[in-house]
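Every number in the working numbering is 3 more than the matching position in the sequence shown, counting from 1.
Note that these hints are calculated values from the structure, not bench results.
Ideal Cβ positions, reconstructed from N, Cα and C, are used throughout, including at glycine.
Treat the hints with caution; some may be incorrect.
Computed beta-carbon distance windows for the label pairs [what the hints assert, rightly or not]:
1. 31 with 82: 46 to 54 Å
2. 34 with 80: 43 to 51 Å
3. 62 with 104: 18 to 26 Å
4. 77 with 107: 32 to 40 Å
5. 45 with 80: 12 to 20 Å
6. 86 with 31: 29 to 37 Å
7. 32 with 69: 20 to 28 Å
8. 64 with 103: 12 to 20 Å
9. 80 with 112: 24 to 32 Å
10. 116 with 47: 16 to 24 Å
11. 64 with 93: 15 to 23 Å
12. 59 with 12: 44 to 52 Å
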Amino acid sequence: MSVTFTLQSPSTVQILASIGALTTNPTAGYYADVDAVIYVNDAYLPQGGWNRIQIGNFASNPSLHAVSINTVTALPAGTHTIDLRTRRVLGNVGVDIGGNAALDVNPGELTVVIFEGTGTRALLSDKDPRQPRN
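Given only the sequences and the hints, what does the whole structure look like? Please build it.
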């Protein structure tokens with residue numbers, strides 16, 4: 004899943020993503036590790052923007068888990084594409100990532116909040132944390 008947008012000036016963006024994953028075999032003791040990574044313009048963020056979960060079958064039924072990411076980064080003016088990429092990285096059972104929330108596991112969600120014109124500066128004043136910078 005991805006979102007593309009154009010910034011008129013350097014800005015700070017907050018990126019929020021979540022997605023569910025479900026093991027495909029009910030055997031007790033089976034597990035799967037899943038990575039979720041935020042990419043900005045086809046490059047992953049070197050600080051934050053990724054998470055790993057482990058889904059383990061502790062009883063004889065498929066197990067599910069959700070992964071979420073909340074990160075902030077500064078972007079220059081221009082067009083940007085942000086996407087969430089997921090994959091199974093380890094384990095002894097297959098995993099379905101994303102789906103139909105009514106039938107199996109939560110589909111993915113990706114939200115980008117743009118703080119227009121903030122660039123790399125802090126969002127709030129150092130003197131009074133309730134006052135925005137000019």
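Margin query: Within 16 to 24 Å: is that where the Cβ-Cβ distance between residue 116 and residue 47 falls?
Written below: About 20 Å separates the Cβ atoms of residue 116 and residue 47, which means 16 to 24 Å holds.
Note to self: Looking only at beta-carbon atoms, does the pair residue 45, residue 80 fall within the given range of 12 to 20 Å?
What the structure shows: Given about 18 Å between the Cβ atoms, the range holds.
Checklist line | residue 107 and residue 77 - C-beta distance against the hinted 32 to 40 Å | finding: holds (37 Å)
Next item on the list: Given the hint of 12 to 20 Å, check if residue 64 and residue 103 actually sit that far apart at their C-beta atoms.
Entry: holds (18 Å)
Margin query: I want to verify a distance hint. Is the separation of the beta carbons of residue 86 and residue 31 within 29 to 37 Å?
Written below: holds (35 Å)
Notebook entry, point to check: At the C-beta level, are residue 80 and residue 112 separated by a distance inside 24 to 32 Å?
Noted result: holds (27 Å)
Next item on the list: Confirm or reject the claim that residue 34 and residue 80 have a C-beta distance inside 43 to 51 Å.
Entry: holds (45 Å)
Notebook entry, point to check: Does the Cβ distance between residue 32 and residue 69 fall inside 20 to 28 Å?
Noted result: This hint holds: roughly 22 Å between Cβ atoms.
Checklist line | Beta-carbon spacing of residue 64 to residue 93 - inside the hinted bounds 15 to 23 Å or not | finding: For residue 64 and residue 93 the Cβ distance comes to about 21 Å; the hint holds.
Notebook entry, point to check: Is it true that residue 59 and residue 12 lie within 44 to 52 Å of each other by Cβ?
Noted result: holds (46 Å)
Next item on the list: Indicate whether the distance between the beta carbons of residue 31 and residue 82 respects the range 46 to 54 Å.
Entry: holds (49 Å)
Next item on the list: Evaluate the given range 18 to 26 Å for the C-beta pair formed by residue 62 and residue 104.
Entry: holds (22 Å)
When held up to the earlier numbered hints, the structure conflicts with none and fits them all.
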